[in-house]
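Visitor: Hey, can you work out the whole structure from these sequences and the hints?
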Amino acid sequence: MIKIGIIGVGTVGSSVIKILQKNRDIITARAGKEIIPALGVVKNLDKDRGVDIPLSNDIDDILNDDSIDVVVELMGGVDEAFEVVKKALAKGKAVVTANKAMLAYHRYELQQSANRNAIGFEASVAGGIPIIKALREGLSANHIKSIKGIMNGTCNYMLTKMMNEGVEFDEILAEAQKLGYAEADPSFDIGGFDAAHKLLILASIAYGIDAKPEDILIEGIENINSEDIFFANEFGYNIKLLTIAKKSAESVELRVHPALIRKSEMLAKVDGVMNGVSVVGDCVGETMYYGPGAGGDATASSVIADIIDIVRNGNNSPMLGFKKILEDDVLKLKNADEIYTKYYLRVEVEDRIGVLSGISNILGEYDISINSFLQKQSQNSKHATLLFSTHKCYEKDIRNAIAKINKCDFVKRKSAMIRIEE
6 MIKIGIIGVG
16 TVGSSVIKIL
26 QKNRDIITAR
36 AGKEIIPALG
46 VVKNLDKDRG
56 VDIPLSNDID
66 DILNDDSIDV
76 VVELMGGVDE
86 AFEVVKKALA
96 KGKAVVTANK
106 AMLAYHRYEL
116 QQSANRNAIG
126 FEASVAGGIP
136 IIKALREGLS
146 ANHIKSIKGI
156 MNGTCNYMLT
166 KMMNEGVEFD
176 EILAEAQKLG
186 YAEADPSFDI
196 GGFDAAHKLL
206 ILASIAYGID
216 AKPEDILIEG
226 IENINSEDIF
236 FANEFGYNIK
246 LLTIAKKSAE
256 SVELRVHPAL
266 IRKSEMLAKV
276 DGVMNGVSVV
286 GDCVGETMYY
296 GPGAGGDATA
306 SSVIADIIDI
316 VRNGNNSPML
326 GFKKILEDDV
336 LKLKNADEIY
346 TKYYLRVEVE
356 DRIGVLSGIS
366 NILGEYDISI
376 NSFLQKQSQN
386 SKHATLLFST
396 HKCYEKDIRN
406 AIAKINKCDF
416 VKRKSAMIRI
426 EE
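Numbering-wise, the sequence shown is residues 6 to 427 according to the working numbering.
One should not assume that every hint holds.
Stated by the list, open to error - With a straight-line Cα cutoff of 25 Å, these simulated PhoX-like cross-link-like pairs (lysine-lysine) come out:
1. Lys-150 / Lys-138
2. Lys-48 / Lys-98
3. Lys-251 / Lys-138
4. Lys-347 / Lys-251
5. Lys-347 / Lys-401
6. Lys-347 / Lys-419
7. Lys-23 / Lys-38
8. Lys-150 / Lys-251
9. Lys-274 / Lys-251
Calculated directly from the structure, the hints in this document are not laboratory data.
Guide: Right, dumping it as structure tokens:
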């Protein structure tokens, strides 16, 4: 018999308890031992959790109970959760966590602290999709050439509605909050930070690279508007918040931002609150993973899969997928200025002669050539919105060109840019 202590009995924690009880027979058959949720820790004992196991408001009741074999950390946060997990490991307990924020900052420290104790974290990325196991085990013979993912259901739901129904950003954000897809303060999701935490975890497994959120390019979807949607539909693109990891030579680029992708691509078809991840390996080629990226039961499914794996195998698998450092193949993080891709530009200007040539000349100064162009009349009849796509160029050059364009007297509003991934 294996006893589980659950720290944080909210939506996911309650689902973990209920699934362990409901599916006890098949879980026991697959694990080889019965797995019992023995104790839950909550902040407020007066709130009904809908579970029938003992509850406490003292984390030490789990940490100091020698009969508890596995600690499931679902409390959220970064530093406090990190200290709790370290204490659990120090007491010889295995740990399963869904805490992507903590892992984004402390995954390598936890790997060093684990010693012979297992750490499972499948639920920290893409909810019910087993992407960590796929990268760490199923694709372990491959050099990973790229990872592209849609890993935030809130943003994907909003962008899907904007693309398909022409809903404005503020309107769909309010709807997402009403439906419970977005928090009252949605900045963590729509700002790209949630997706960035997940990307960093996957990048550690794929490349052995220790980067923090502050080290990578992160942009959100808050500036997407109807003109961007119009351009995307006109030229056969969807707009998605993408997490991107690309290996080239001795470096890896890691970035999270809205991107235009062809409607024919598989990732472009991942709609609503669903998540999707594309992984390209040098041996296997492209593999795709699709499923629910959040929700109590879906995330609990991944938590319990980790528990079963620990019961079966102990700590035979390295936490981040590498038992030995590749000393001759240490990858560096590529500077964002070195990104080389196509771009889309939105520029609101006075509708007069010479404006288009002025913008073209500035782009030409930075070796940026225009691939396609549309003009939309603004509500103000004296203004026009110019929509461009470019051929491939460097991030540094497009940023410098936009800065110079924005200083022109004919520009009426700060210009916007979205990267194109093809």
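Visitor: Against this structure, judge whether each hint is valid.
Guide: Comparing the hints with the structure gives:
1. Taken as a hint, the Lys-150 and Lys-138 pair is honoured in the structure, with Cα atoms around 17 Å apart against an allowance of 25 Å.
2. The hinted pair formed by Lys-48 and Lys-98 meets the criterion: a straight-line CA distance of about 22 Å does not exceed 25 Å.
3. With a C-alpha separation of about 20 Å, the suggested pairing of Lys-251 with Lys-138 holds against the 25 Å cut-off.
4. At most 25 Å may separate the alpha-carbon atoms for a hinted pair to count; Lys-347 and Lys-251 meet this at roughly 15 Å.
5. Distance hint between Lys-347 and Lys-401 is fulfilled; the C-alpha atoms sit about 13 Å from each other, no more than 25 Å.
6. Of the supplied pair hints, the one linking Lys-347 and Lys-419 holds, its CA atoms being roughly 20 Å apart against a limit of 25 Å.
7. Between Lys-23 and Lys-38, the direct Cα distance comes to roughly 18 Å. Compliance with the 25 Å bound is thereby established for this hinted pair.
8. Pair hint Lys-150 plus Lys-251 holds up; C-alpha atoms about 6 Å apart against a cutoff of 25 Å.
9. A distance of roughly 21 Å separates the Cα atoms of Lys-274 and Lys-251; the hinted pair therefore holds under the 25 Å criterion.
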